[in-house]
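With chain A held as given, fit chain B onto it using these hints.
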Amino acid sequence: MTTLSDPPHADGFRLSLLVRDKRYRSYTFQAIALIALFVFFGWLASNAIRNPVLQQAGIDFGFLADPAGYDINQQPIPYTSQSSHLRASFIGAINTLIVAFLACVTATVFGVFAGVLRLSNNWIVGKLMALYVEMFRNIPVLIWILIIFTISANVLPQPSAFRGDDPEASPILGVAALTNRGFYLPRPYFTNGIGAVPDDVPADGGAPVAQEVASIANWLIVLAVFAASFLAVRGVNAWATKRQNATGRRPSTFWTNLGLWFVPIILTLLILGLRWEVPELRGFNFQGGILARNSLIALWFALSIYTGAFIAENVRAGILAISRGQTEAAAALGLRPGRVMSLVVLPQALRIIIPPLISQYLNITKNTSLAIAVGYMDLTGTLGGITLNQTGRALECVLLLMAFYLVFSLVISAVMNAYNASVALKER
Amino acid sequence: MKKSVLLGTVAAAGFAAAGASAATLDDVQDRGSLNCGVNTGVPGFAAPDANGEWQGFDVAICRAVAAAVLGDPNAVNFISTTGKTRFTALASGEVDLLARNTTWTFSRDTDLKFDFVAINYYDGQGFIVPTALGVSSAEELDGATICIQTGTTTELNLADYFRVNNMSYEPVPIENEAEARTQFLAGACDVYTTDRSALASVRVTYPSPDDYKLLPEVISKEPLGPLVRHGDSEWGDIVRWTYFALVAAEQYGVTQDNVAEMATEAGDNPEVNRLLGTEGELGAMIGLESSWAENAIAAVGNYGEIFSRNIGEESAVGLERGLNALYTEGGLQYAPPFR
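As given, the protein sequences belong to chains A and B, one line each in that order. Residue 355 in the working numbering sits at position 355 of the first sequence, with consecutive numbering throughout. Residue 59 in the working numbering sits at position 59 of the second sequence, with consecutive numbering throughout.
Bound conformation, chain A alone (with noise of 0.2 Å):
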C-alpha cells in the first residue's frame, strides 16, 4: 500500500530531512525565500541610509510647511505665493483628478462610440474607426499630448487678434473666445438665493445692478433640484414598466420625462436669478468668464482619444463575445436593429467590458502625470516639480508622490469593483 506521506520515523529528527521529507521540505524552501527576500530589502535600505544625498539631509517631511514661493496658474482652491508646499501639493493633486476625471467620462464615450460603429455592417463607418483604433493607440500618449497641444497654439488665434476696430477674430455668437492660451467661456453665477446682496444702486440714479451671490450653496439647490429630476423620471420609468408587465402595453413617457427634466431645472434657475459673465478682452489678456486653459484642453483631449482607442477594443471584445444567437433571437422577436444592441446585447457585453475598464481608468490617472510636457500643474507639476526642485527633497516628494497617485488609483479601483460586483452576473 502506497501514502502520500511516510509515517513519522520514530529515530527523531535528522537535519536532511529538512529536504528530504515532504512534511518540512515546503517549509525550507519558504524560509530559504523569506530570507532572501529580507536580505534583498535590507540591502535597498542600507544603500539608501548610506546615500551620500540621504546622509546630509536625511529624511524629513518639515519642509511641507515653508511658504511654496511660486505661482500655480488654474486654482481650484483659493492659493498665493506665499501658501505653503502642502497646499501647493493639494491644488496639484486637485488638478490631477479634474483631467483624469474629465479624461475618463469623454474616454468612455470615444470608447463605446468607436467600439459598437466598428462592428458597423456599414464598410466606411467600419474602416474609419477601425483606422481611428488603430492610429491612436499606436502612438505614444505624449506624443499625442504634445501635438494637440502646439497645434491649438499655433493655429488658434492670440487674444491680441480680437482686439480693435475690424478684428481678426471675433468670440463665438459674441460671448465664447477660443484663443491659443484657452477656451473663454462665460461663467454663470446667481444674483438670488441663500446669501443673496442687496442691488447696487448707482449713485447717478441708473437701472440698479444686481450683485453677484458667492455662497455655494446655491449650486447645491441645482445639484438637489437635479437629483430630484433624476429619482421622478426613475419613478415613472418604473410605473411604466409594471403598466407594461401588468396590460402588455408600455405607456408613452416621453414627454413627461422631458418635462420632469427640464421644467424644474429652469424654474429654479430662473428663481435664483441666473445671470452670465462673458469674457471681455482687457489688457493681455480675456478678463471674467471661466478659463479652460490650453494646457487643460490639450491634455484633456489627448487622453480622451488616446484611451478611446483601448476601451473601443474592450467594447468590440464585449460585444463579440455575446453569441450570435442572441442577436438573431432577439430580430426574431420583432426588436429593431438599436434595440437588440441597448435591451440584449450591452447589457450582456457590460460583464465582459468592465474589468478591463476599470485598468483604463487607472491608466488615464496615472497617464495624467505627463501634465508637465504643457505646463499643465497637476500633482506631478507642484508636488514633484515646483516643490522637489525648489527645496531639493527628492525622496520625501517622490514618496508622498507615490502616496498620492496609490491613493487616487485604489479608490477608482475600489469604486469600479463594486459597480462590477453590481452589474455581474448574479449566480445562485
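What the hints contain is simulated information worked out from the structure, not anything from laboratory work. Take these hints with a grain of salt, some might be off.
What the hints assert, rightly or not - Computed list of chain B residues with no C-beta within reach of chain A, every gap over 10 Å: (1) N77; (2) F116; (3) E175; (4) A188; (5) E289; (6) E329.
Claimed, not checked - These stretches of chain A come out as covered by chain B in the derived footprint (C-beta under 8 Å, 3 or more residues): (7) 68-81; (8) 149-161; (9) 277-286.
No experiment lies behind these values; they were computed from the predicted model shown. By construction, the Cβ of each residue, glycine as well, lies at the ideal position given by its N, Cα and C atoms.
Same frame as chain A, but now just chain B:
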C-alpha cells in the same frame, strides 16, 4: 545563523556604497574623463555645434578643468541636465561638476549640500517681449501671461516681483528652452522671463530678432557659477582655482596663443611664473601637475577670451562685459593671489 548572514550582507553592501563618494579627483583620474553637467542647449553657454562638439561659456569651464586635471580638454563627458534634474545628477555622483547657468543661493549652498566654487557670470533676471506689444517697462505687465522655466530661481523671483508690485500675472510653466521658444513665438505667452544672458542668447535664434526686445528691468541678482558636491574640498579647490587661473591669466595678459611661450621659462612677473609653474610648487599643493594652469589656459584661453568667443559683443549673442569685466576695469571678476 540566519541573522548573522543577513547582517553580514547588509554590512558588505553598505561598505560598497560608502566607498563610492570619497575622492572625486581619484575617480576622475581613474576614469580618465570628467563628467560635466551642462545645459540642454543655450547657444553661447552650452550647446553642441554643427559638428556635435559642445561649445560655450559654461562648456569652457568643463574643458579647462579636464585640461588641468587630465591634461586633455576633450576628456569630458557632457551630460545635459534640465533645471529639474541638475541637482539630483550632481548629488548622486552622475556628474563631477555642474556648470549649468546655476544661481548661487543660500539654500542651495547649505540645505542642498553643494559648494559653489566661483561666479563665472554675474547675471540678473529680465523679460523679453515682442516689440508689437508696445510695452516698455516691466511695471506695465499687470495681467500678462508669462512663460517661465519651472524649477529655477526665476520662478520665485517672478512671484515675489509681482506680489511686491501688486500686479497679477498668469504663469505658464515650461520645462526647457525648446518649449519656451514654441510657446513664446506662437504668442501663447506675452512675455518670457529668465536670466538676461539667456534671453539675449535665445533672442538671436528667433526668426526675426528685431521683433523682440529685452525690458530694462533687472529684477534679481543671479550669480551663476560652477558647483560641486559638499564635503570634497580638494575637488572644490581644483575647480575654484582652475577658474581663478583663467581670470588671473586675463589680468596678466596670458592668452591661449602666448601661454606656451610664457611657460617655457620664468618671466618678469612672479605671479605669472607661479601660475604657470616656472616658479614654486603650486601644482603639487593642489595635487596636480605643475603645468595644470598652463594646460587649462592653452585649452580654452583666458576668461576674457572665453567670454568674447562665446557670448561677447563680437559673438552672435552679443553681451557686454558689464559686471563681468575684471575688477581693474570696473567689473567684479577678481582672482585671489596665486601665492
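Verification of the hints:
no., hint, result
1, N77, "holds, 20 Å"
2, F116, "holds, 14 Å"
3, E175, "violated, 6 Å"
4, A188, "violated, 5 Å"
5, E289, "holds, 29 Å"
6, E329, "holds, 36 Å"
7, 68-81, "holds (count 7)"
8, 149-161, "holds (count 5)"
9, 277-286, "holds (count 4)"
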